[in-house]
Amino acid sequence: MKGPYEFLQPLSRLTKAYLRYERIIWAMNAAIISISLYAIAEIIGIPAFMSFYYQDVILLASLPAIISIILGLVGSSLIKRRKKADIFALLGPQLSEKTRTAYDNREVDSLPMQELAAEIRASLNKIKPSDILNSRRIGGRAFVIVIISGAAILLAESEIISPSDFQSLADLRDQAISAFEGETPTMSTGQEINLTGNLYGNPSLAVLNENKMEIVLYPGIGAGSLARNTEPVERVFSQSQAGDATAVPSELYIESLPPENKDIIKRYFTILSQSDR
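Under the numbering used here, read the sequence shown as residues 8 to 284, first letter to last.
Hints in this document: simulated from the structure, not taken from any laboratory. Think of the CB as a built atom: it goes at the ideal place given N, C-alpha and C, for glycine as much as any other residue. Honestly, I wouldn't trust all of these hints.
Unchecked claim - Mimicking EDC-like on lysine to aspartate or glutamate, the simulated pairs with C-alpha atoms at most 16 Å apart in a straight line are:
no.: 1; residue 1: 105; residue 2: 122
no.: 2; residue 1: 91; residue 2: 29
no.: 3; residue 1: 90; residue 2: 138
Unchecked claim - Simulated restraints, written as ranges between beta carbons of each label pair:
no.: 4; residue 1: 103; residue 2: 165; range: 47 to 55 Å
no.: 5; residue 1: 116; residue 2: 33; range: 23 to 31 Å
no.: 6; residue 1: 33; residue 2: 153; range: 13 to 21 Å
no.: 7; residue 1: 31; residue 2: 117; range: 38 to 46 Å
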């Protein structure tokens, strides 16, 4: 716009610088929130947990960092919404009111408006963006970012919760998977399971009624036992005189039997003797 209304050009220059300044503040707030959340996640052990169980899937292993960044962007946007961008408030009490009035009546072509626009144009041309923008806000946030970034790096290197802390959980998971698949689970407690069939190893202890007893297994001849080689032993036997074999009458044998069974047994032997004839 030509003439006195050219105050809109310096006002637009200051407005663009102010919006760029607010975008920098927004990005730095997002970085502070994201790094802080990730540092808290490192203290809890979430990144170590994800990198241990999903080390082959980069997206899942990086999920804590991705979530921290998303939450940081959302949090910074909420902070920005609470403060509405207003370039007029940075121009000072007197110039702020005059500039706001001139901007609201920028479509009005009148002598008072032309005089006001000329005065505002001269004042705005003297203002630099660094004069109205607070550089300490950027410097303070940059210092905070450096501090929390260093803290996050130290937490990552110190390994407060290292992947080895999840080894027991991994063993439980492997045992559960092996149980469903019907395989023999592998124990990681340092004890070996004897599956060779050799029962004769180091002596063991058994507990019976809270009393410890030593158990020693010796070879036997039963199933599953090991054969033990022995040398043949020569033994001397003495001969005895042969005796005469005499038959015992059935009556004498029957007499020694219970009385209630005599008749039945006597009849049995009688029938047996008749059948031999």
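Report task. State the violated hints by number, sorted upward, taking the hints as numbered earlier in the document. Result -> 3 and 5
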